[in-house]
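**Student:** Chain by chain, the residues run as shown.
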Amino acid sequence: MPSPAVAGTGAATTAGAATPAPGTRPGARRWAAWAAYVVVIPVLLYLTPHVYNNQLLLLNLVVYLVLAQGVNVIYGFTGYLPFGYVGFFGAGAYGTSMAVIHLHTGGTVAVLIGAVVSTAMAVVLLPLLRLTGAYFALASLAASQAVYLVIANPSLTSFTKGPYGVDLSRVFNPNLAYLYAAILLAVATAVVVYLRNSAFGLSLRAVRADPLTASVAGINVARARGIAWLASAVLAGLAGGISAWVTSVFYPETVFAINISVFAIVFALFGGVGSVLGPVFGGIILYSLYEYIGVSSPQYFQFAYGLLIVILMLFLPGGLASVARAARSLWERTGGRVHRRA
Amino acid sequence: MSLLEVRALTTGYRGGAVLGGVDLDVGPYEIVAVVGPSGSGKSTLLGAISGLVPVASGSVRLHGRDVAGLAAEDIMALGLVHVPERRRLFAGLTVRENLLLGGWRAGRRDIGRVLEMFPTLVGRLETPSGALSGGEQQLCAIARGLMADPAIMLIDEFSLGLAPVMAHDILVRLADIAAGGTSLVLVDQDAATALSVAERAYILESGFIVASGPSGKLLADHALLDRYLD
Ligand SMILES: Nc1ncnc2c1ncn2[C@@H]1O[C@H](COP(=O)(O)OP(=O)(O)OP(=O)(O)O)[C@@H](O)[C@H]1O
Ligand SMILES: [Mg+2]
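Read top to bottom, the protein sequences are chains A and B. Numbering-wise, the first sequence is residues 1412 to 1753 according to the numbering used here. Numbering-wise, the second sequence is residues 0 to 229 according to the numbering used here.
One chain only, chain A, in its complex shape:
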């Protein structure tokens, strides 16, 4: 696959003015590559339970990969770091639960209702986007904890089951849930592919780079950010619903745990926000590490991941993806030199 970043410097001089823009109008071959990214990893993950027989753990992984892509959408393309991202996950989980318990729906419909609930929450929280930087991060965290406190409130027990938790075992169907999770990962990755390649995605990156200049370039800044915010909330809501469906019995603190935000953010940052596959690989690597080493002493991991966020933001804002890009460009450059000598 030709790399626009590398091909450009040399080729642009000869290619002239009217060449279609790489990154905005990929050719058929590039689309095929993107489609493969979107489909192959979810399919592989979907088939993994046949070789590694722990579907629950794998489902948890896929859910985290979806959340990491959700963080990618909102942080990677708009610069808003959503420490309260778990709020959408929890809202999706509880929306799903309420649908099962009160509306007596099946799992599929319940998950969709969960997504509607998390989207509604995102709409209510749209004004948070007026805040910037750390203020936004903290306000989104506060909002997610406020929702948690309402749901866990004992006086709402008849509706939310309050602190006593919910039981969805009536609709338990882990195989179907796992299929949905894999599909959702494909959808989340497709969203990122769209943002990487579309004019709308370009406008989001412009907003992230400089909102003021973006607005004089004709971009409706609030609208662009709002769409990314809602998209990330839908992804988290669906992930929360699927997760709730499979977890079956859980408590408010299970699905509103700040850890969930921290993990999703650290996976995304480690892999590289703004890239298509970075958050997926970052998530697979760190989640496996966590499962391998961390089970016995999870408290160290929470600390380590907190530290990792700081280190990554300071020293490697592009994550693994930027390392991969640098390595590839180095490889292509040295490869070129060898070729010329030969």
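The set of hints was computed from the structure by calculation and includes no laboratory data. One thing to keep in mind: the hints can contain errors.
[To be verified] Some chain A residues judged to face chain B by a derived CB distance under 7 Å, without partners named:
1) Gly1576
2) Ser1580
3) Ala1620
4) Asp1621
5) Pro1622
6) Asn1631
The beta-carbon is built from N, C-alpha and C at its ideal position, and this holds for glycine as well.
Assemble chain B with the ligands onto chain A, guided by the hints.
**Tutor:** Here is chain B with the ligands on its own, set in the frame of chain A:
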């Protein structure tokens, strides 16, 4: 009817009033300069016209339509492009992406026309715009503005950071741009440079227009220049 007609425009920030009732006109094919000392309100004036700074009172008419109070992106869509000072480009994005963004609202994706005007950019299309030299960044910002094919373009600090050769290059290009149907409002602290290309000019001092007229006449008035310009 003039293309842009500003009347009794006042605005300010929390710190107080900055513009105390500015009148300004720009006609088709015209190049107009706004000069004045640092802090006199030049950038604020451009921002108030383009929608970046809220207007307190007065009117801004574009093609006869009052646009005061509209959002910046909607004023842009009506044919007025603002190239703001300093923060001109989307630093992490390539030159090509910057140019595409300039045509984003208008749905223009053909960058060939502006590249013909600014051939230096052709070899730099895939360069992150933050890695360009100051002069190239300014060229790119102007080129990006032109992508929308605006009726009028406001350029803040257009000669800042340009080597003299490049400044001359841009000046020549600006004349072409105006002749091609995009009127220009140039803001600069370097009055001599701005007045050398503009047909008319306004001198802004502490938020008021203290003098205006044909550039030649202003340039000849040494007492005036000594009093208001560095
Ligand atoms: N965002 C802002 N908030 C508060 N005050 C501001 C803001 N921007 C400018 N000012 C103030 O408004 C006044 C006019 O500033 P402005 O930037 O318009 O001047 P200028 O003529 O463009 O100056 P320069 O030539 O240095 O760019 C100054 O006193 C400045 O301190
Ligand atoms: Mg200024």
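**Student:** Interface hint check: Ser1580 of chain A, Cβ to nearest Cβ on chain B, cutoff 7 Å. Holds or violated?
**Tutor:** violated (49 Å)
**Student:** When the nearest CB of chain B is found for Asn1631 of chain A, is that gap smaller than 7 Å?
**Tutor:** holds (5 Å)
**Student:** Holds or violated: is the Cβ of Gly1576 of chain A closer than 7 Å to a Cβ in chain B?
**Tutor:** violated (45 Å)
**Student:** Any CB of chain B closer than 7 Å to the CB of Asp1621 of chain A?
**Tutor:** For Asp1621 of chain A, the interface hint holds, since the closest Cβ of chain B sits about 5 Å away, which is under 7 Å.
**Student:** Hint check: is the beta carbon of Pro1622 of chain A less than 7 Å from a beta carbon of chain B?
**Tutor:** This interface hint is violated because 10 Å lies over the 7 Å limit.
**Student:** Against chain B, is Ala1620 of chain A within 7 Å by beta-carbon distance?
**Tutor:** Holds, about 4 Å.
Checked against the numbered hints given earlier, this structure breaks hints 1, 2, 5; the rest are met.
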